[in-house]
Amino acid sequence: MVFASLEFLTLFFPTFLLGYAVTPRRFRNLALLLASWLFHAWWSPPFLLLFIAISTLAWGGGLWIARTRADSPARRRLLTWLIVGNVAVLCWFKYANILAETIGTALSWGGAMPLSWQRVVLPIGLSFTVLQSISYFIDVHRGTVRAERSFINFAMYLALFGHLVAGPIIRYDWIRRELANRPFNWDNFAAGARRFAVGMSMKVLIADTLAPVVDGVFATASPSFVDAWIGCLGYTLQLFFDFAGYSAMAIGIGLMLGFHFPENFDHPYLSRNIQDFWRRWHISLSLWLRDYLYIGLGGSRGGRWRTYRNLFLTMAIGGLWHGGDSWNFLLWGAAHGIALGVSRYFGEERGLTLPTPLAHALTMLFVVLAWTLFRATTFDGAVDMLAGQFGGHGFGLSDNLALALRTPVVLAFISGALFVVVPALHIGDRLGAASQGVREALAQLWPAAGLLGAFILVAGRGFVPFLYFQF
Amino acid sequence: MSSLNVPASADSGAPPSTGVPLALPQTAASGRLLRAIPAAVLAGLMGYGLYAAVAKGVGALAVQDLAPASLLDGEHRKALSATLTSTDYADAAARLGREADWLVMRDLGPQVRQGCPGWLFLADEFRQHRDAAVHSAQRAGALARVGHALSRRGVRLLVVVVPDKSRIEAAQLCGFQRPVAFADRASTFVQQVQAGGVQVVDLTRTLEQSAAPPFLRTDTHWNETGSSLAADAVAAGVRGTGIAIAKVAPPQITAQAATPREGDLVRLAGIERLPQRLQPSPDVVPQSTVAAAAAGGADDLFGDAALPQVALVGTSFSRNANFAPLLATALGSAVAGFAKDGGDFSGAAQAYFASAAFRQNPPLVLIWELPERVIQMPPGSAEAAWLPVAQLLDAARLQTAIAAGADGGRKH
Numbered sequence: 147m148v149f150a151s152l153e154f155l156t157l158f159f160p161t162f163l164l165g166y167a168v169t170p171r172r173f174r175n176l177a178l179l180l181a182s183w184l185f186h187a188w189w190s191p192p193f194l195l196l197f198i199a200i201s202t203l204a205w206g207g208g209l210w211i212a213r214t215r216a217d218s219p220a221r222r223r224l225l226t227w228l229i230v231g232n233v234a235v236l237c238w239f240k241y242a243n244i245l246a247e248t249i250g251t252a253l254s255w256g257g258a259m260p261l262s263w264q265r266v267v268l269p270i271g272l273s274f275t276v277l278q279s280i281s282y283f284i285d286v287h288r289g290t291v292r293a294e295r296s297f298i299n300f301a302m303y304l305a306l307f308g309h310l311v312a313g314p315i316i317r318y319d320w321i322r323r324e325l326a327n328r329p330f331n332w333d334n335f336a337a338g339a340r341r342f343a344v345g346m347s348m349k350v351l352i353a354d355t356l357a358p359v360v361d362g363v364f365a366t367a368s369p370s371f372v373d374a375w376i377g378c379l380g381y382t383l384q385l386f387f388d389f390a391g392y393s394a395m396a397i398g399i400g401l402m403l404g405f406h407f408p409e410n411f412d413h414p415y416l417s418r419n420i421q422d423f424w425r426r427w428h429i430s431l432s433l434w435l436r437d438y439l440y441i442g443l444g445g446s447r448g449g450r451w452r453t454y455r456n457l458f459l460t461m462a463i464g465g466l467w468h469g470g471d472s473w474n475f476l477l478w479g480a481a482h483g484i485a486l487g488v489s490r491y492f493g494e495e496r497g498l499t500l501p502t503p504l505a506h507a508l509t510m511l512f513v514v515l516a517w518t519l520f521r522a523t524t525f526d527g528a529v530d531m532l533a534g535q536f537g538g539h540g541f542g543l544s545d546n547l548a549l550a551l552r553t554p555v556v557l558a559f560i561s562g563a564l565f566v567v568v569p570a571l572h573i574g575d576r577l578g579a580a581s582q583g584v585r586e587a588l589a590q591l592w593p594a595a596g597l598l599g600a601f602i603l604v605a606g607r608g609f610v611p612f613l614y615f616q617f
Numbered sequence: 101m102s103s104l105n106v107p108a109s110a111d112s113g114a115p116p117s118t119g120v121p122l123a124l125p126q127t128a129a130s131g132r133l134l135r136a137i138p139a140a141v142l143a144g145l146m147g148y149g150l151y152a153a154v155a156k157g158v159g160a161l162a163v164q165d166l167a168p169a170s171l172l173d174g175e176h177r178k179a180l181s182a183t184l185t186s187t188d189y190a191d192a193a194a195r196l197g198r199e200a201d202w203l204v205m206r207d208l209g210p211q212v213r214q215g216c217p218g219w220l221f222l223a224d225e226f227r228q229h230r231d232a233a234v235h236s237a238q239r240a241g242a243l244a245r246v247g248h249a250l251s252r253r254g255v256r257l258l259v260v261v262v263p264d265k266s267r268i269e270a271a272q273l274c275g276f277q278r279p280v281a282f283a284d285r286a287s288t289f290v291q292q293v294q295a296g297g298v299q300v301v302d303l304t305r306t307l308e309q310s311a312a313p314p315f316l317r318t319d320t321h322w323n324e325t326g327s328s329l330a331a332d333a334v335a336a337g338v339r340g341t342g343i344a345i346a347k348v349a350p351p352q353i354t355a356q357a358a359t360p361r362e363g364d365l366v367r368l369a370g371i372e373r374l375p376q377r378l379q380p381s382p383d384v385v386p387q388s389t390v391a392a393a394a395a396g397g398a399d400d401l402f403g404d405a406a407l408p409q410v411a412l413v414g415t416s417f418s419r420n421a422n423f424a425p426l427l428a429t430a431l432g433s434a435v436a437g438f439a440k441d442g443g444d445f446s447g448a449a450q451a452y453f454a455s456a457a458f459r460q461n462p463p464l465v466l467i468w469e470l471p472e473r474v475i476q477m478p479p480g481s482a483e484a485a486w487l488p489v490a491q492l493l494d495a496a497r498l499q500t501a502i503a504a505g506a507d508g509g510r511k512h
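Read top to bottom, the protein sequences are chains U and Y.
Residue 147 is where the first sequence starts when you use the working numbering, and the numbers rise one by one after that.
Residue 101 is where the second sequence starts when you use the working numbering, and the numbers rise one by one after that.
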């Protein structure tokens with residue numbers, strides 16, 4: 147189930163909260179663990195067994211690392227095998243299909259019969275679980291954290307339904323105190339509920355409303371200039387509101403239960419360069435990539451060209467992590483790696499500074515064009531869409547898109563754009579202290595109204611899956 | 101920035117820093133009561149939703165049929181989800197959403213568009229499809245093969261194309277445009293079918309020449325003015341086949357006074373339960389009543405004379421505005437109706453060919469009515485399997501061929 151669904155809002159979550167509230171404090175972690183496993187099993191009971199196995203191995207692996215001597219080759223070998231094992235599981239479920247497809251295509255060029263292949267299904271949350279496990283192993287190895295002795299606490303850290311499916315990527319160190327001791331009180335619940343309401347409004351009212359238009363454009367062959375840009379800008383907004391909305395809901399659920407997850411987005415579309423973008427977009431992932439991959443490759447310690455290489459590899463692997471259905475994700479990551487290198491060269495090495503509006507515009511242009519690669523389901527589709535964006539297929543608005551641009555969709559576009567841009571205007575500061583009471587009231591009222599509107603839509607229209615769900 | 105921040109709880113350690121400020125602005129005015137509003141709304145929605153779910157029997161459903169097979173194949177979860185979406189509040193929510201869209205934004209949902217005030221149109225009539233020409237040609241080819249197969253059984257096929265409402269009532273679009281590519285959609289298809297040796301009645305010219313609007317304002321379908329003109333044109337088409345149809349007393353059609361009629365497009369938009377004054381004004385049209393004709397005379401020992409020699413397959417157009425009885429009157433003969441609402445291109449025909457009625461009492465003339473908008477639609481899975489073997493009128497052979505086609509597809 148997803149958060150914006152009747153199954154979650156009217157069955158799973160209220161039942162869980164009622165049970166959690168009456169559960170004695172010392173059993174709450176167990177209750178949360180069992181509920182999280184039930185949440186996981188809703189998608190696929192057999193994959194729950196895989197998840198429990200991964201959790202058990204990760205817990206045991208952490209304890210084993212802690213028992214080996216700190217700087218011994220045995221510990222490094224153990225760490226290596228644990229990481230390789232987790233990555234192998236992820237690679238099988240995530241990339242086996244595309245590898246089989248690529249090999250099959252190559253064989254067919256040689257005249258051979260195409261491969262017969264039974265598609266492998268990716269278990270939900272596996273990508274996030276593996277990253278969290280790897281971060282745990284490395285942190286235990288580095289001595290940043292002590293290995294968790296309680297299986298229930300550790301399994302709950304991995305399984306917590308709030309962030310299991312699509313992040314944020316939570317490090318064990320960030321919540322280890324709260325695993326052992328956290329409050330379940332009205333203040334946290336109220337703050338978490340507000341955050342959850344904000345997220346649900348973002349996801350349902352904006353992202354889901356834009357989804358049919360975006361899907362329609364990306365399914366169209368040879369889109370015109372206007373069509374391609376409406377589709378791409380629509381996806382730019384849809385992806386942010388979908389993913390940031392989901393993160394807000396996950397943070398809100400965590401807060402309701404007494405956990406404090408860090409922010410995952412910080413107005414990424416106000417970035418002034420690509421480095422700034424990656425400090426604002428999917429922050430938990432970019433921090434993970436920095437701390438466990440970029441630094442592990444050597445970071446910026448090996449001279450200029452090694453630094454560029456490490457940036458490129460980190461972003462390419464990060465791109466690949468996003469999806470296994472198309473090589474476009476790898477290309478998208480590689481493009482960002484190149485952009486980071488270019489930005490670093492001109493910014494840090496040559497000292498070039500652009501006027502803020504120009505820097506912002508160029509950054510957004512790159513980000514938006516890269517999203518085209520990210521969204522298109524095939525490489526040819528991406529090229530076709532990009533060609534449209536540069537006027538390769540004519541300019542006018544197509545009839546189908548004109549049909550799809552109903553008033554609610556146009557309002558979602560405008561609302562989404564305003565939501566992105568308005569924080570940059572610092573309206574609150576300009577209005578002054580006199581209006582602060584009104585602003586504070588609005589800050590509570592609009593999420594409540596948005597939640598009500600979103601609930602009506604969810605109940606009436608069914609559900610639209612989270613975009614990052616597939617990762 | 102403030103709307104995305106989270107306050108730190110006083111009871112736990114500070115959350116890990118990511119360089120992002122996490123505190124909401126706190127002022128003298130921000131009271132606990134204000135901060136409780138989103139939580140109260142969430143709790144209220146969850147509480148009411150859970151109550152409604154339990155009242156619908158979700159509790160019992162959750163613990164019944166916990167067989168491994170049901171859990172593994174998702175049937176148990178589907179049953180729970182279906183129960184949740186069938187609650188009264190889900191229906192009320194859907195209705196509230198649609199009505200609010202109409203009242204606030206004059207939006208009628210994804211399936212309905214308004215042209216001139218009060219004139220509603222089906223969005224599908226404006227939708228362009230990928231590979232449109234291929235689908236059109238496939239369907240024309242299927243009709244040609246079916247026509248030949250029917251003629252070998254002594255049945256003449258007569259195809260009737262009903263033009264889009266938006267084509268005939270173009271003056272009521274008020275700036276809402278039909279795609280230019282649709283200008284020749286119907287005529288091209290008619291030519292393709294005729295090239296396959298099948299007779300076609302294209303109702304475009306007939307309905308364009310109607311003195312009064314032939315379509316209902318708030319409904320997809322024609323009114324009795326339109327259906328009457330169409331019936332006359334189709335009857336002329338049947339007579340044009342040269343096949344002698346036995347005369348049978350037609351049904352008695354009695355005109356009634358004009359009354360308000362709720363259109364299907366109003367229901368499709370989900371606003372039919374709004375007060376009348378807040379909806380598009382309803383059509384006020386005469387809706388004739390039909391009484392079946394008397395049975396055959398004393399010489400008709402087995403009642404065979406009344407067995408229809410003309411059968412009609414098609415869509416809801418054939419079932420609306422008394423089209424079939426009007427056609428029977430225009431023909432002076434009985435017409436057996438086998439049309440299906442939502443039949444699209446071939447739903448009704450597929451069902452008819454598999455029926456005992458076709459096997460035991462095939463007609464002399466089969467009228468196949470189809471709306472213009474289905475010509476270029478991508479076929480659904482059932483139709484896609486049927487189109488290549490449409491000429492196999494024997495239901496058993498047809499199923500075997502479809503199954504063989506599916507297996508062959510899987511082997512590749």
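Hints are computed from structural coordinates only; laboratory data are not their basis.
Idealized CB from N, CA, C, for every residue including glycine.
Please note that a few of the clues may not be correct.
Said to hold, decoys possible - Which bits of chain Y does chain U cover? Going by a derived footprint, with three or more residues having C-beta under 8 Å, they are:
(1) 149-156
(2) 205-218
(3) 263-273
(4) 379-391
(5) 463-469
Taking the hints in turn, this is what the structure says about them:
1. 149-156: holds (count 4)
2. 205-218: Since 5 is at least three, the answer is holds.
3. 263-273: This one is violated; 0 residues, fewer than the three required, reach chain U with a Cβ under 8 Å.
4. 379-391: violated (count 0)
5. 463-469: Our answer is that it is violated, as 0 residues pass the Cβ test (under 8 Å) against chain U, missing three.
Figure legend: structure checked against the earlier numbered hints; hints not met, in rising order: 3, 4 and 5.
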